[in-house]
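J.: The chain contents come next:
Number of protein chains: 2
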Amino acid sequence: MNGYIGKILRVNLTLGKSQAEALKPKLAEQFVGGRGLAAKLLSTETAPGIDPLSPENKLIIMTSPLTGTITPSTPKFVITTKSPLTKIYGFTMISGFFAQALKAAGYDGIIIEGVAAEPKYLWINNGKAELKKAGHIWGLTTADSQTLVKDEIGVQDAEIAVIGPAGEGRVPIASVIVGKRAGGRCGVGAVFGSKRLKAIAVHGSKEVTVNNPDKLREIVGEMIKAIREKSPTKDNYPKYGTTFFVGTTNHLGVFPACNFQCSGTYDKSSKIDEMRFRDHVIRDSACPRCPIVCEKISAVKEGPYAPTSVQGPQYETIWALGAQCGVDRFDAIIAANRLCNDLGLDTISAGNAIGFAMECYEKGLLQSPDLELRFGQHEVLLPLIKQMAYGEGIGKILADGVRSAAEQIGHGAENFAMHVKGLELPAYDPRALPGMGLAYATASRGGCHLRAWTITDELIGSYKLYSTEGRAELVSRIQNVRAFIDSSGMCIFAMRAIPFDLLVEAVSAVTDFDYKGGNAVKVGERIYNVERILHTREGISRKGDVLPKRFFEEALPTGPHKGQKLSQNSFEKMKDGYYAIRGWDLATGSPTDIKLKELGLETD
Amino acid sequence: MNGYIGKILRVNLTLGKSQAEALKPKLAEQFVGGRGLAAKLLSTETAPGIDPLSPENKLIIMTSPLTGTITPSTPKFVITTKSPLTKIYGFTMISGFFAQALKAAGYDGIIIEGVAAEPKYLWINNGKAELKKAGHIWGLTTADSQTLVKDEIGVQDAEIAVIGPAGEGRVPIASVIVGKRAGGRCGVGAVFGSKRLKAIAVHGSKEVTVNNPDKLREIVGEMIKAIREKSPTKDNYPKYGTTFFVGTTNHLGVFPACNFQCSGTYDKSSKIDEMRFRDHVIRDSACPRCPIVCEKISAVKEGPYAPTSVQGPQYETIWALGAQCGVDRFDAIIAANRLCNDLGLDTISAGNAIGFAMECYEKGLLQSPDLELRFGQHEVLLPLIKQMAYGEGIGKILADGVRSAAEQIGHGAENFAMHVKGLELPAYDPRALPGMGLAYATASRGGCHLRAWTITDELIGSYKLYSTEGRAELVSRIQNVRAFIDSSGMCIFAMRAIPFDLLVEAVSAVTDFDYKGGNAVKVGERIYNVERILHTREGISRKGDVLPKRFFEEALPTGPHKGQKLSQNSFEKMKDGYYAIRGWDLATGSPTDIKLKELGLETD
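For the protein sequence lines, the chains are A and B, in the order given.
Residues in the first sequence are numbered consecutively from 3, following our numbering.
Residues in the second sequence are numbered consecutively from 3, following our numbering.
Each computed SDA-like pair below joins lysine to any residue, with the alpha-carbon atoms no more than 20 Å apart:
{"id": "1", "chain 1": "B", "residue 1": "Lys-227", "chain 2": "B", "residue 2": "Ala-288"}
{"id": "2", "chain 1": "A", "residue 1": "Lys-303", "chain 2": "B", "residue 2": "Gly-137"}
{"id": "3", "chain 1": "B", "residue 1": "Lys-303", "chain 2": "A", "residue 2": "Ala-145"}
{"id": "4", "chain 1": "B", "residue 1": "Lys-134", "chain 2": "A", "residue 2": "Arg-285"}
{"id": "5", "chain 1": "A", "residue 1": "Lys-303", "chain 2": "B", "residue 2": "Gly-395"}
Derived contacts from chain A toward chain B, CB cut-off under 7 Å, selection only:
{"id": "6", "residue": "His-138"}
{"id": "7", "residue": "Gly-141"}
{"id": "8", "residue": "Leu-142"}
{"id": "9", "residue": "Thr-143"}
{"id": "10", "residue": "Asp-146"}
{"id": "11", "residue": "Gln-158"}
{"id": "12", "residue": "Asp-159"}
{"id": "13", "residue": "Pro-167"}
{"id": "14", "residue": "Ile-284"}
{"id": "15", "residue": "Arg-285"}
{"id": "16", "residue": "Ala-301"}
{"id": "17", "residue": "Lys-303"}
{"id": "18", "residue": "Pro-309"}
{"id": "19", "residue": "Ser-311"}
Quick caveat, the hints were computed from the structure, so don't treat them as lab data.
Virtual Cβ for every residue (Gly too), placed ideally from N, Cα, C.
One chain only, chain A, in its complex shape:
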């Protein structure tokens, strides 16, 4: 099976057993790999209504057909599960070296089920899988745990996915750390914790076969050329990583700040932008075979936060732990990022939770005996992150995510809990961007910018500013295209240079499947619909495709779009158009039978 190892490892933690299963070619063809294949497997492997932290939930870890081939910038894999944060289908995607190591170890993916009686870690070495005791590293930082696992298995270049104390404590905003990277979103770390699975280590030397190596080589040449010739893959990404978005988004006037209270063009952003970031960068780092080299390692070498270093911080982290909390010190952000990684907390959700707590505190809804939770108080970041990771003090409430925290706090706190479907929002204020608002409302894992990112189309492209015109089509199209990209293993940053058709050709050249001529977008649509079914079967309907009130009631206070807010009426009309394009029922938001049949999903 070209492009695939053809095997999935099923690990039952309750029984303490694992076995290899064949990956079905039909399934691979229909859902490609990664995000798509994992969503499909979760839909068949789990029933609706289960408790995300129960043994019935599963973790689906999946690589893609491009993983481990010569195709550049294809490091992505997915961890998919029912999220303890959003209580619906969720997933997190991670770059780095783990995905190719997993394939080299002999598997396209892993299905983890049940719950271990005591802490374990999974060690997969060239086909052989072992569950090893992890009680000794349970409670340790993700960094220390990785070192100890490597020492124990005696393979220093193993790739390791691991949770920290936050995941162990089933904190709903817990991340999984993979090497120096984070799989942050949807609380996947808590599901690891609920299964008493501390880590997964992988290593191997198996190779992936490719259907048409000559064709692939030719395509790869074109891809590399495109990456090297086009912006931002030739300039901004290599120089600043994702941090150039601080300057760009602020310049475009859609940069959120202080829990979205002072969004637009944020006055403190120059202290935490890509220029200041460069002052802290000490080294570049790249995913396998990626000519972009967008990853940066930054450090703090003096002052109260020294010495520390972290891979990152990414744009989203700078915003969440910085602007969203009114914090304008890069050293504090780097230290907070590192602490989130060490303890295994998602930086976006953690930053949002702190910003939310600050607003609650300033508005008198939240008491804090030991910490003065005012915007700009960088001193509270580290203590609050620790409290959240351990579920102590007010951290216990905040670590449940802002939706749940608002319910617990009451008194109208839900009005400034900035989330969609329970997932804390990322760093683009949608009040001047109806399309981005729609993208958030309909993203397949809740408040997420990565399923459809419409910023340049809406602000720089030919779309009419502030209007909802064409947004339904724009958002659904991008969602479908990105679903295919995410399932191929390709990084979306590289896709800012690589034409989509070239990616499709690459996947076709690697596999035995023909995705050309519009097939790929159709596959993307199929994936998006499988994800939608995962939502609707849990009771998500049109009523769940909503945005925080603030975007409709409070106008942007600063910047070029000052005064803009979304209109509830237009938003609902835009949704009508979106459901119509999608072939989803206007009332329920569920895919219609006709659509399901069209996509070959009748039985789902």
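We have chain A already, so just place chain B on it with the hints.
T.: For chain B alone, coordinates are given in the frame of chain A:
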């Protein structure tokens, strides 16, 4: 040259060049390796009177003939230099995997001279040596630096010696961290820092030839048998590492506490003894081919110091950061040990400095605006360690070591600066142990217990309690024997089981040299005399072979030896005896010409 690679790498940092030089067989035979050979090389490579932090000082890194052979428990190597702490010859010995990796990389040792114009690290891979830029990791923790160096050289199983911010800042009590172990004593880390040498990474696959492999195999069998059959290598070391000394030393009534003010049987020791240590142990760790497995990794998984872990703490560290500061919390000690390692500070000297500061503070000699420096205040450990590492606040004074700190503080502070020749004392109170007092006073690097350890002989053996009788002979004999052991690469813990003659046979079987029939002790004596010459040429005389006043003026306050103190008169008489046995001039303490000739050291 059996037992040796036969090559030393000379690295001139000023010129940015390195070259291999032949190791002279005659020198190897006369000084064996490790500590002995390095001392000899320092004596010929450097002139007296140089500033330890100047380019004229050198770092001599040396392995031993047993390193990398099948002989068990032979991980030791030495880093030798003129110490910025004691201002005389100093060295630190380190276990782990670095020594065998250096030999496998193609060198018995490294001589580092000059000073680099900008931060560098040395990368030695299978004979090839490179100086690489280290500006990006300058300022980072020792742990982060090791990770970054491994990523950069692309060899995850390289062994790395590295300094932290303390060494970079030339702090006189700075250590060198090697993997997870510390080369703590004598401020060797500051010499790395003065040369702008951040790290040394080594990796290779060369093998060491052995003169008589059959004979060695036979000896190794006997050694392993002895280690497995005898106490404490068969029981206490494997179970508790060195921490069983807390209970033992306390039971024996010679456990120091609170800067030696409440020594004897310390009332809080049960909270920091080997039983409590076991509560924190998460994993065993061993040096290459060592059946003892004395190294333990401990962790803190709850409370204010969680999460953290460290390889250790060793007995000396538990004492220095614990009892010596009146601290009885294991979590605080583990966290303080980890911070010392991350920042690159010697735990023994750092703990002594804090204990000293506490006494000064309690006696009103030292002001501290932000920290209440009272004995037992565990909260001050981490802030003070950070202040010492960065030379900030009162940390700036303390990090110079207690001798210099006392001079700066004045008002009689020197009366409770617990050091010999500027090196802070270890964890045995000598007031009931005249022999241990003599060992401290004449140890070849200042206040050190490892050159001659007389505890069991004096307290359990046939020696007359509290008397100086036979101590001169005892101490000088152990010093000579240990000089040979330390130069062979063998660990002194294993030597509690292995008969000395068996070690001598092993070194003879590995090399082309015959050390049998008393030759080895003579070699040890030669080494001890070369070390003495390194001292005397810097002005050290009989007057320098002294102990802190406290041991003569204040009696042991608790325990079975309560009321004991040393007598100045007896002590000086014991020294007379010692110099006589050594063949050292009674007035100057210098080796006589006759002695030098006898040892073949006429030209030194």
